[in-house]
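Peer 1: Residue numbers (our numbering), protein chains in the order written: chain A, 1479 to 1677; chain B, 1479 to 1677.
Hints are all accurate, no fakes.
Because identical chains cannot be distinguished in the list, a pair is counted as satisfied if it fits within a single copy or across any two copies.
Below are the BS3-like pairs computed for lysine-lysine, each with C-alpha atoms no more than 30 Å apart in a straight line:
| hint | residue 1 | residue 2 |
| --- | --- | --- |
| 1 | Lys1640 | Lys1669 |
| 2 | Lys1669 | Lys1502 |
| 3 | Lys1530 | Lys1502 |
| 4 | Lys1524 | Lys1502 |
| 5 | Lys1604 | Lys1532 |
Simulated from the structure, these hints should not be mistaken for lab results.
What follows is each chain in one-letter form.
Protein chains: 2
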Amino acid sequence: MPDFAEPLSRLIEELRRLPGIGQKSAQRVAFSVLRSSREDAERLAKALMDVKDKLGMCNICNNISDGEQCNICRNPNRDQSVICVVEEPPNIWPIESTRTFEGLYHILHGSISPLRGIGPEQLRIKSLVERMHSGEVKEVILATNPTVEGEATAAYISILLKPLGLLVTRIAMGIPVGSDLEYADEVTMSKSLENRRQL
Amino acid sequence: MPDFAEPLSRLIEELRRLPGIGQKSAQRVAFSVLRSSREDAERLAKALMDVKDKLGMCNICNNISDGEQCNICRNPNRDQSVICVVEEPPNIWPIESTRTFEGLYHILHGSISPLRGIGPEQLRIKSLVERMHSGEVKEVILATNPTVEGEATAAYISILLKPLGLLVTRIAMGIPVGSDLEYADEVTMSKSLENRRQL
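Produce the entire structure from the sequences given, and follow the hints as far as they go.
Peer 2: Encoded structure:
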């Protein structure tokens, strides 16, 4: 480690705690901050603190929100009859970027994981069931991750919701579009075969 | 772009201004900030501002410094008879990490570039020449970048310093250690041939 001036090495150290930022990128970022104007650094520092100070959780879907309700729940144009269930707030982004899903979300903030001692009661499952009481919801799409924990969570919720007479669906697993069969792992490949559709 | 809560999308926007940080990594970092404790965010924000508020330039070598003189110039164990000239402060790091250079540095803060209207008078060349007056300096190593501008700068300084009876050297250019000749560009390859040494 080069012998930096103390404030610079401290900034590099702090930046390295962030995900995906190694020593080299931390140095590069620290240097660009050093070269930028004081106003630029101040805006970044303020944006950091605002995220901590101004954001909370949507009281309907548990998404991140700057108010009582998130942008999506507040939007009257969203289809109130479909709820897509995901594990974490960032899981919403890929779904939103398809621009094909018009419904609402429900964020569980985790998945059932006996190994890490996380049971259904630690997740926001109770509030999901409560959302069904309005009678407006026709379909619940389970979009938890395609992992052991995500599957277990989807199975658990499905057992819970089916008696309510709702359509409960699971997102499809298979070969990613644009990929090459040669590089598909065996689990994905067998899912893809299992879920084959008649043409 | 997903519809983030305002403070989150502002942080992502600010992070994206940093070098080497694209939309995805900005989102990842913004999210980790959201999940981290308020103290963590505060430490990062403070580190950012400290870099702007507490750092200046070493009045000997123009390196970044938290005092009148930088850590290297302050260190009495460094060899006062050799000065390594570089373009920018980060250029010091790879040299320091070799742990083989014990001398001092001089940072020019740029290179001669007629195209961008940067002449020798905009660089810290005058103060370099003044450092020779002590009579302690025996060698000046020109470690400006192996670019047209860096070469021009090295040539200019060399002409300036040689009459003072100093040893003026230039770092070697050639094939990087551990690389494959197959991927060497032609300019590097011809430099490498030109600078071949007898074994």
